[in-house]
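A.B. asks: Each chain is listed here by its residues.
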Amino acid sequence: MSENNIKMNGNGTHKSAGTPKIGFYVCHCGHNIASQVDVEDVQKFAAGLPGVTISRDYKYMCSDPGQELIQKDIKELGLNRIVVASCSPLLHEHTFRKAAEKAGLNPYFFHMVNIRENVSWVHDNRESATKKAKDLTRAAIQRVFFHKPLEKKSVPINPDVLIVGGGIAGITAALTIANAGKHVYLVEREPTIGGHMAMFDKTFPTLDCAACILTPKMSSVKAHPNITLWTYSEVEKVEGFVGNYKVQVKRKPRYVIEELCVGCMECIDACIYKEAKYPDEFNQKLSKRKPIYIPFPQATPQVVLFDPETCIDFKSHRCKKTCIESCDRKAIDLKQVPEYKDINVGTVILSTGFKTYNAELSPQYGYGKYPNVYTSLEIERLVNASGPTSGEIVTRDGIKPKSVGIIHCVGSRDQKAHKWCSKVCCMYSLKLAHLIKEHTDAEVYNFYIDMRTPGKGYEEFYDKLMTEGVHFVRGRVAEVSDWALVPEEENKLTIRVEDTMVGMVRRIPVDMVVLAVGLEPREDAGDMRRLFNISCSNEGWFLERHPKLAPVNTFTDGIFIAGACQGPKDIPDSVAQAGAAAAEVLSLISAGSIELEPNTAFITEDNCSGCKSCIPICPYTAISYNEGTKKAYINEALCKGCGTCVAACPSGSITQNLFDDEEIFSEIDGLLKFAGIELEETEAEHA
Amino acid sequence: MERSIYAESFALDVTAKDRLDTRRKIKYESELDKTFSNRIAESAHGEQLFGCIQCGTCSAACPVSHYMDYTPRKIIQMVREGFKEEVLKSSTVWLCASCYACTVECPKGIKITDVMYALKREAISGNYYPKNAPASILANNFFKQVLNNGRNSEGPLLMKMYLKTNPFMLLKNMMLGIKLFTRGRISMKTEKIRDKKALKKLLNSVESKKKILSAGKPADVKEAAV
Numbered sequence: 000m001s002e003n004n005i006k007m008n009g010n011g012t013h014k015s016a017g018t019p020k021i022g023f024y025v026c027h028c029g030h031n032i033a034s035q036v037d038v039e040d041v042q043k044f045a046a047g048l049p050g051v052t053i054s055r056d057y058k059y060m061c062s063d064p065g066q067e068l069i070q071k072d073i074k075e076l077g078l079n080r081i082v083v084a085s086c087s088p089l090l091h092e093h094t095f096r097k098a099a100e101k102a103g104l105n106p107y108f109f110h111m112v113n114i115r116e117n118v119s120w121v122h123d124n125r126e127s128a129t130k131k132a133k134d135l136t137r138a139a140i141q142r143v144f145f146h147k148p149l150e151k152k153s154v155p156i157n158p159d160v161l162i163v164g165g166g167i168a169g170i171t172a173a174l175t176i177a178n179a180g181k182h183v184y185l186v187e188r189e190p191t192i193g194g195h196m197a198m199f200d201k202t203f204p205t206l207d208c209a210a211c212i213l214t215p216k217m218s219s220v221k222a223h224p225n226i227t228l229w230t231y232s233e234v235e236k237v238e239g240f241v242g243n244y245k246v247q248v249k250r251k252p253r254y255v256i257e258e259l260c261v262g263c264m265e266c267i268d269a270c271i272y273k274e275a276k277y278p279d280e281f282n283q284k285l286s287k288r289k290p291i292y293i294p295f296p297q298a299t300p301q302v303v304l305f306d307p308e309t310c311i312d313f314k315s316h317r318c319k320k321t322c323i324e325s326c327d328r329k330a331i332d333l334k335q336v337p338e339y340k341d342i343n344v345g346t347v348i349l350s351t352g353f354k355t356y357n358a359e360l361s362p363q364y365g366y367g368k369y370p371n372v373y374t375s376l377e378i379e380r381l382v383n384a385s386g387p388t389s390g391e392i393v394t395r396d397g398i399k400p401k402s403v404g405i406i407h408c409v410g411s412r413d414q415k416a417h418k419w420c421s422k423v424c425c426m427y428s429l430k431l432a433h434l435i436k437e438h439t440d441a442e443v444y445n446f447y448i449d450m451r452t453p454g455k456g457y458e459e460f461y462d463k464l465m466t467e468g469v470h471f472v473r474g475r476v477a478e479v480s481d482w483a484l485v486p487e488e489e490n491k492l493t494i495r496v497e498d499t500m501v502g503m504v505r506r507i508p509v510d511m512v513v514l515a516v517g518l519e520p521r522e523d524a525g526d527m528r529r530l531f532n533i534s535c536s537n538e539g540w541f542l543e544r545h546p547k548l549a550p551v552n553t554f555t556d557g558i559f560i561a562g563a564c565q566g567p568k569d570i571p572d573s574v575a576q577a578g579a580a581a582a583e584v585l586s587l588i589s590a591g592s593i594e595l596e597p598n599t600a601f602i603t604e605d606n607c608s609g610c611k612s613c614i615p616i617c618p619y620t621a622i623s624y625n626e627g628t629k630k631a632y633i634n635e636a637l638c639k640g641c642g643t644c645v646a647a648c649p650s651g652s653i654t655q656n657l658f659d660d661e662e663i664f665s666e667i668d669g670l671l672k673f674a675g676i677e678l679e680e681t682e683a684e685h686a
Numbered sequence: 000m001e002r003s004i005y006a007e008s009f010a011l012d013v014t015a016k017d018r019l020d021t022r023r024k025i026k027y028e029s030e031l032d033k034t035f036s037n038r039i040a041e042s043a044h045g046e047q048l049f050g051c052i053q054c055g056t057c058s059a060a061c062p063v064s065h066y067m068d069y070t071p072r073k074i075i076q077m078v079r080e081g082f083k084e085e086v087l088k089s090s091t092v093w094l095c096a097s098c099y100a101c102t103v104e105c106p107k108g109i110k111i112t113d114v115m116y117a118l119k120r121e122a123i124s125g126n127y128y129p130k131n132a133p134a135s136i137l138a139n140n141f142f143k144q145v146l147n148n149g150r151n152s153e154g155p156l157l158m159k160m161y162l163k164t165n166p167f168m169l170l171k172n173m174m175l176g177i178k179l180f181t182r183g184r185i186s187m188k189t190e191k192i193r194d195k196k197a198l199k200k201l202l203n204s205v206e207s208k209k210k211i212l213s214a215g216k217p218a219d220v221k222e223a224a225v
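The listed protein sequences correspond, in order, to chains H and L.
Residue 0 is where the first sequence starts when you use numbering that gives the first Met the number 0, and the numbers rise one by one after that.
Residue 0 is where the second sequence starts when you use numbering that gives the first Met the number 0, and the numbers rise one by one after that.
Note that these hints are calculated values from the structure, not bench results.
Among the clues, some could well be false.
[Said to hold, decoys possible] Derived pair list, reagent style DSSO-like, types lysine-lysine, alpha-carbon separation capped at 27 Å:
no. : chain 1 : residue 1 : chain 2 : residue 2
1   : L       : Lys107    : H       : Lys463
2   : L       : Lys33     : H       : Lys463
3   : L       : Lys110    : H       : Lys463
4   : L       : Lys107    : H       : Lys455
5   : H       : Lys422    : L       : Lys107
6   : H       : Lys399    : L       : Lys26
7   : L       : Lys33     : H       : Lys401
8   : H       : Lys401    : L       : Lys26
9   : L       : Lys195    : H       : Lys399
10  : L       : Lys107    : H       : Lys436
11  : L       : Lys26     : H       : Lys436
12  : L       : Lys107    : H       : Lys491
13  : L       : Lys33     : H       : Lys491
14  : H       : Lys436    : L       : Lys33
15  : L       : Lys26     : H       : Lys368
16  : L       : Lys119    : L       : Lys107
17  : L       : Lys119    : H       : Lys491
Quick caveat: nothing in here was measured; it's all calculated off a predicted structure.
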């Protein structure tokens, strides 16, 4: 990999030599620490420890005067080690390292003790809390003796971006980045971009037409000079690290040359099959298509494709190939093979979206058993003007329904299916209720557990629906059945539910049942996770680095997530997240390079036996095996400093910066002194 | 509503006190009145009725809800879903003291007290109301008095109510009555307005307007249910 991309920062010499002169600072953090810990006592205690030149306490160490205090002491007293006892390093380690660096000290001569989250916030006895703070302080002061100056590495960022998934999130991110003048590779698995949004008729709560707002974006993706659009393609291989990813993309054969096809669809008319007879996936199998087809009228790119599973020529090689004859542009090539494209990108955005819950797994609702039980996605296609019925809502018997029941939370908020709330179902059910009422004037019933409509204009939409005469029955439906108990239930589907607001069980006969199916991770989310070396939550959604403060970052630098692959999300949220991911990518590209933390592991080659035991356990695939030297090699750009390999190495040949043996053992020694335990001389000095 | 053999087999009508009440309580759609909610909403000038989010503020604000068989919140949902029989037979409507606490507190601006009035009218016209309950007797006599005389006379109204409900209560409250009478706070005289004919005319014209308005409306339950 690109070792030579890594260059050293700074000049390499530091005033670290000589005896350690430690500056110790303990922070009151207002009352956060001072209320439970006697900070003056800790300050006096530290002053008496060996190596401590100055010990101070201050109300807010993180404030400007607090930082200036440290800098002044470094300059005037010649301090060469700094220990601050305050809050979590997650919050202010960076602040104090910067402060030390400003005063001319290598920032890694700084160490932080957490006496807030680990002491004052979790203890209620002031005396023992103070004692614990002292022990932690002693441990840190003993540790910092052995600190060494470390250098940050910096790697350049390739400005090209890969976006996986061409739904509304991927499209938004691609356009934002491309408009900033950076090159984007947009890879989509399906033959067209647009994702789920392309299937919808209207969008809540404004009821604007989904196609009208989406298709302009789709065509600008196609036309954009900075976007390379690869539909019907999948990412095969990913190697490298932030700024320098090598990606292989497989372009599946469409059997149509994309550059030549203009989407005239002559070939579809000419197909030997006069009638469409295969289920159309885009229309949720509610209509039929031919073996050669285009998913929907505004598909982007406007290119037909073959389904080799159903085309006669692929099965028997005995077709008359009327399609080929009909194509003036000679765009059909039945001998096409998969094409592999290798690209180099610096950053990746994953926007692979979601799939809907399989309603057959909730058999009480009769999906797959009763023809007039539909999923919400099927109804989306039915109400859509470009759908299988040109926008007519009819049951499978072709009759306009007089009553429709919409069952919320199918597959959501259910320990047997998914525990989570899918967030969008309440709103899309309200939207479908409105559209069904508008198209058919049927009695529409919503069966819900809780109505969850947080969002701008969402509650107002719910309010509007209630006054439109849609019924709202609070209660989870127990079953849908065709078993009639009274004459008016004959030839109908009867919904059995407790109206919990009235406190009575009701049987409601309807002509059509709509199941508001929840959202779940795609079945191959696990493969994607491994491919891009990111994490998934227990539920299978891609895991963000921080649920609040880093919602589009992952634990792998340079890989970002956007849209419903991270968790159930509606269109506005997906678009907002795509914008955030694009901004993160652009900020990396603008910086031109990224600094890597130096707390990485390295191998002392002389000691390495080449046993390879470290290679499979590295969660960041940072370790490789050099066949030439028969030694393991750690890529510092990929290493996150987790220490797993250090602990696993049988020959002790892996060391981690900032966590080497003498640092850790002296820290433990300092910590255990309270019990009168002293580590053995030999162990403490180890080395 | 005619019940079929299907339903009969499920309806075990056991009412004896020492036995479990195993009557069928499930509600079939055909037992509901689909036009009920609109009727009530119209006469209680409130399509807001349909905007009810079932928060229960009305029931919590109501000073007499703990005596009611259905709380005001439940009444609103039952009206909305067409549970006509249960609503009109309920005690809630007659226990409502018209204090308007629910209407003041309702976050959706539903005029709940007015809904209760509309339900009282429905109950009386549909002959559902509890004829011997003091509330309905009082309401009935109050209405009759105003209709005949154009004015309410408290003394005779109270006398009538006590005689029709519980004459012993009259004896119990006699001393209070005498006190009020001697201080001129209550009179046994029946008050009248001067021009009773004009009132009749006015009320008749309202009645005829009502009839014209309700003429072209599908009030038939069966028709709507089909």
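A.B. asks: Each hint needs a verdict: does it hold in this structure or not?
C.D. replies: Results of checking the hints against the structure:
1. Lys107(L) / Lys463(H): Roughly 12 Å between the alpha carbons, so the hint for Lys107(L) and Lys463(H) holds.
2. Lys33(L) / Lys463(H): Given pair Lys33(L), Lys463(H) holds - Cα atoms ~20 Å apart, limit 27 Å.
3. Lys110(L) / Lys463(H): holds (18 Å)
4. Lys107(L) / Lys455(H): holds (18 Å)
5. Lys422(H) / Lys107(L): holds (24 Å)
6. Lys399(H) / Lys26(L): holds (26 Å)
7. Lys33(L) / Lys401(H): holds (14 Å)
8. Lys401(H) / Lys26(L): holds (20 Å)
9. Lys195(L) / Lys399(H): violated (57 Å)
10. Lys107(L) / Lys436(H): holds (23 Å)
11. Lys26(L) / Lys436(H): holds (24 Å)
12. Lys107(L) / Lys491(H): With Cα atoms ~35 Å apart, Lys107(L) and Lys491(H) exceed 27 Å; violated.
13. Lys33(L) / Lys491(H): holds (18 Å)
14. Lys436(H) / Lys33(L): Roughly 16 Å separates the two Cα atoms, so the pair holds.
15. Lys26(L) / Lys368(H): holds (26 Å)
16. Lys119(L) / Lys107(L): holds (22 Å)
17. Lys119(L) / Lys491(H): Violated - the C-alpha atoms of Lys491(H) and Lys119(L) are around 36 Å apart, more than 27 Å.
In summary, the numbered hints that this structure violates are 9, 12, 17.
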